[in-house]
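Colleague: Sequence:
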Amino acid sequence: MDYSSIFEYFLDSDFDIQPSSHFDLDTLSVYVRIEGRMLTLVHFCVNELRSLPQFYLKNSTSLGVLAHVINSDYEGFKYICVNQLDSVSVNFERPELAFEESIKRHIELLTPLIKDTEFNKIELLREFKTNWNINTKSLRNNSPKTDPVTDSV
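Just so you know, we're using the UniProt record's numbering here: the sequence shown kicks off at 1 and counts up by one.
What the hints contain is simulated information worked out from the structure, not anything from laboratory work.
One or more hints might be untrue.
Claimed, not checked - Think about it this way: if two alpha-carbon atoms lie no more than 30 Å apart in a straight line, the pair counts; the simulated DSSO-like pairs of lysine-lysine are:
| no. | residue 1 | residue 2 |
| --- | --- | --- |
| 1 | 78 | 58 |
| 2 | 115 | 58 |
| 3 | 121 | 78 |
| 4 | 129 | 78 |
| 5 | 58 | 129 |
| 6 | 104 | 129 |
| 7 | 104 | 115 |
| 8 | 78 | 104 |
| 9 | 137 | 104 |
| 10 | 78 | 137 |
| 11 | 121 | 58 |
| 12 | 115 | 78 |
| 13 | 115 | 129 |
| 14 | 121 | 137 |
| 15 | 137 | 115 |
Stated by the list, open to error - Listed next, with one range per pair, are the computed distances between beta-carbon atoms:
| no. | residue 1 | residue 2 | range |
| --- | --- | --- | --- |
| 16 | 118 | 93 | 19 to 29 Å |
| 17 | 101 | 36 | 20 to 30 Å |
| 18 | 5 | 118 | 35 to 45 Å |
| 19 | 5 | 138 | 27 to 37 Å |
| 20 | 132 | 51 | 40 to 50 Å |
| 21 | 4 | 127 | 20 to 30 Å |
| 22 | 7 | 136 | 10 to 20 Å |
| 23 | 15 | 116 | 22 to 32 Å |
| 24 | 141 | 36 | 18 to 28 Å |
Cβ coordinates follow ideal geometry from the N, Cα and C atoms, glycine included.
Please work from the sequences and hints to get the whole structure.
Modeller: And the structure:
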C-alpha cells in the first residue's frame, strides 16, 4: 500500500502524523493531546487494507488501566479495541479516508476513558462481566450452583 499518499493527505489536517519505525517495521505515528497528556497512536503498516486501520497506544503505563485497551504482541504497545459496529467501506482509491475515520474513532474511544475515571471504571467492570460470562458459560450450564458475580440474590 502507498503510505506516502496517506501521509501527504494528513499534512494539511488537524492530525499530527509522522512516518516512524518500530521493531524494524514501518509505522505511522499519530500524536494527540488528551487532558493535557501527549499520547502516541501507532499504526503498523500493512500491504493491503482489509478493514479499519488499527492503531496501538504507545507507552500508556502513566494512564493506568484503561477499558478497551489491552496488552499486545508488541512490547510497550497496547491494543485498542475500537468498536466496529458501524461499517466502513474502504475506498481503495482513497484509503486515507479510512485512516482519518479510524484515528477519529480511536480518539473518541480514549478521550472519555482518560477524562472521566468513573466512566473508565464502569467500562472496566462491564468488560469484566462480559468476559466472565463468556469464559464461565460452560461451567454455569453444567452446575446447579448460582454464579455470585452474574446472578442476583
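Colleague: None of the hints should be skipped; say for each whether it holds.
Modeller: Here is what the structure says about each hint:
1. 78 x 58: holds (6 Å)
2. 115 x 58: With Cα atoms ~18 Å apart, residue 115 and residue 58 stay inside 30 Å; holds.
3. 121 x 78: Given that 30 Å is the threshold and the Cα spacing comes to 18 Å, the pair holds.
4. 129 x 78: holds (21 Å)
5. 58 x 129: Holds. Residue 58 to residue 129 sits at ~27 Å (cutoff 30 Å).
6. 104 x 129: holds (27 Å)
7. 104 x 115: holds (16 Å)
8. 78 x 104: Distance of about 17 Å is within 30 Å: holds.
9. 137 x 104: At roughly 35 Å apart (the allowed maximum being 30 Å), residue 104 and residue 137 break the hint.
10. 78 x 137: OK: residue 78 and residue 137 at ~28 Å, within 30 Å.
11. 121 x 58: holds (21 Å)
12. 115 x 78: Roughly 18 Å between the alpha carbons, so the hint for residue 115 and residue 78 holds.
13. 115 x 129: holds (23 Å)
14. 121 x 137: Between residue 121 and residue 137 the Cα gap is close to 24 Å, so the pair holds against 30 Å.
15. 137 x 115: Measuring from Cα to Cα gives roughly 34 Å; hence the hint is violated.
16. 118 x 93: 19 to 29 Å: Violated, since residue 118 and residue 93 (Cβ atoms, about 44 Å apart) do not stay within the stated range.
17. 101 x 36: 20 to 30 Å: holds (26 Å)
18. 5 x 118: 35 to 45 Å: holds (42 Å)
19. 5 x 138: 27 to 37 Å: The hinted range 27 to 37 Å is violated for residue 5 and residue 138, with Cβ atoms some 49 Å apart.
20. 132 x 51: 40 to 50 Å: violated (28 Å)
21. 4 x 127: 20 to 30 Å: violated (38 Å)
22. 7 x 136: 10 to 20 Å: For residue 7 and residue 136 the Cβ distance comes to about 46 Å; the hint is violated.
23. 15 x 116: 22 to 32 Å: holds (23 Å)
24. 141 x 36: 18 to 28 Å: violated (48 Å)
The structure does not agree with the numbered hints 9, 15, 16, 19, 20, 21, 22, 24 stated previously, though it agrees with the rest.
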